[in-house]
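Enquirer: Chain by chain, the residues run as shown.
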Amino acid sequence: MATSSSETILQTPLASNHEGLGAKMVPFAGWKMPLDYGSILGESRAVRTTAGLFDVSHMARFLFKGPQAAAELDAALGGAIMDQPVGKARYTMILQDDGGIMDDLITYRTDEDEIFMVLNAANRHRDWEILTSRLDQTECCDLTEDGGGILAIQGPHAHKILAELSGGGSDFCPAFLDLGQIPSPWGDLFIARTGYTGEHGYEIFVAAEQIVPVWEKLLELGAAPVGLGSRDVLRLEACLALYGHEIHEKITPLDAGLRFAIKGWKTREFVGGDALRAMDEPTIELAGFTAEKRVPREGYAIFCDGEEVGEICSGVYSATLDRPIATGYIKKGVDGAFTVDYRGKQLPVERSAMPFVAHNSRG
Amino acid sequence: MRPEDRSYLDSHEWAKLDGDIATIGITDFAVEQLGELVYLDLPDVGRTLERGEAFGEVESVKAVSDVNSPVAGEVVETNDGLPDDLEALQNDALNGGWLIKVKVSGPDALSGLKNAAAYEEVVASES
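Taken in order, these protein sequences are the chains called A and B. With the first letter of the first sequence counted as 1, position 5 gets the number 5 in the working numbering; the numbers rise by one all the way through. With the first letter of the second sequence counted as 1, position 54 gets the number 54 in the working numbering; the numbers rise by one all the way through.
Simulated from the structure, these hints should not be mistaken for lab results. Treat the hints with caution; some may be incorrect.
With the C-beta cut set under 7 Å, the calculated list includes, among others, these residues of chain A facing chain B [to be verified]:
| hint | residue |
| --- | --- |
| 1 | Tyr37 |
| 2 | Ile40 |
| 3 | Leu41 |
| 4 | Lys293 |
| 5 | Arg294 |
Computed footprint of chain A on chain B, listed as stretches where at least three residues anywhere in the stretch have a Cβ under 8 Å from a Cβ of chain A [stated by the list, open to error]:
| hint | segment |
| --- | --- |
| 6 | 7 to 16 |
| 7 | 36 to 42 |
Backbone N, C-alpha and C define an ideal beta-carbon position, used for all residues, glycine too.
Produce the entire structure from the sequences given, and follow the hints as far as they go.
Expert: Dropping the structure here:
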């Protein structure tokens with residue numbers, strides 16, 4: 001793996017596999033990553049109907065250890081960590097003092113005294129600075145460039161394919177957010193029933209000697225390689241927030257409708273907690289829209305009965321619905337005929353329930 | 001190399017002259033860069049274009065992009081069926097996927113544009 005000097009673009013151990021599969025490689029958060037393997041829409045459909053395989057080894061991986069790790073992280077993060085059971089994953093955030101969101105992340109309680117964490121690649125160095133400054137007695141380790149990585153297998157066939165790879169039983173991770181360990185010809189694999197698509201799926205945390213053979217075997221067993229372009233389509237169909245779009249420093253978990261990510265926030269002591277408790281009800285809300293042909297893109301203004309009421313956060317062409325979908329913050333409670341300013345042209349959009357595509361992740 | 005019977009803009013449009021009518025389209029490289037197309041907007045017949053003026057928009061799953069005219073003149077015909085048959089643009093950008101025909105004022109309408117060899121260097125630098 002490449003070094004992390006600022007001139008070097010990082011690549012995952014699968015870079016040559018991606019190129020061999022005809023991937024369009026693009027720079028993303030300091031990494032060279034596959035945008036697509038030929039068809040963003042086709043890859044999205046594969047995840048919804050069979051199974052897709054993502055290389056998400058660019059994501060930051062941190063490990064926290066020590067008898068005070070859970071208690072210290074409980075105060076450092078938005079979410080409750082002390083009551084997170086061993087063997088479970090949980091979605092939460094790093095907040096700043098004013099309640100604004102610095103990043104979203106998943107914590108994996110791998111042991112009483114050990115918490116593994118996956119965070120956004122783009123925020124890795126800032127997250128590391130913030131977390132290490134907030135933790136006093138906890139041992140912190142950045143594993144991101146250890147030569148291993150994360151593979152995500154997502155879709156209705158994911159369980160069957162993973163069971164076939166392991167050659168063991170198929171009773172791993174019975175519930176959403178469960179952690180597990182399965183055997184493989186390359187040693188035990190640490191897995192979690194998590195993902196970013198809304199489908200039933202798993203994230204596999206692979207060591208340096210496992211990543212290439214496990215990737216190749218999962219493709220051989222029928223998973224389709226899926227790039228970051230499709231990952232964005234799938235996560236927006238499922239209305240899973242993306243940092244820098246639906247969530248950022250100027251948005252609180254209350255604005256974003258993500259109170260579940262700050263469990264116990266009304267009574268717990270944590271960075272940002274006092275600010276959140278002192279706030280009035282949000283004056284904005286996240287809304288979903290569908291459009292006829294053209295994609296409402298980030299930054300386009302949203303109008304309701306001719307009055308500007310907000311701005312698009314994310315827009316993609318949904319492969320599942322075969323039409324454009326988008327999210328945007330609007331003034332809370334506005335209702336009427338919605339339009340979007342497409343580079344100078346006002347076109348109608350329709351308010352939609354969210355998520356756009358129902359979740360199967362718990363099924 | 002791409003066809004030598006026409007001229008190219010750096011922004012990946014082509015123009016092919018037949019008498020005083022220039023047929024205009026975008027290159028296969030532009031289509032490949034855009035990816036899967038979802039929308040195309042063409043101008044009305046009768047509109048007058050300056051060289052370099054944006055006359056339409058092409059949108060893909062990934063991005064939306066202006067389409068610029070390599071020539072000055074009046075739009076005399078558009079490829080009407082194309083917005084509803086984006087496959088033709090996706091798969092045949094240099095022929096059946098043409099966008100508009102423009103009546104130009106003189107035989108030097110294409111002067112100053114890139115030939116196929118020079119355009120190939122633009123493609124190479126962006127690939």
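Enquirer: Quick one: which hint numbers does this structure break? Sort them smallest to largest.
Expert: 1 and 6
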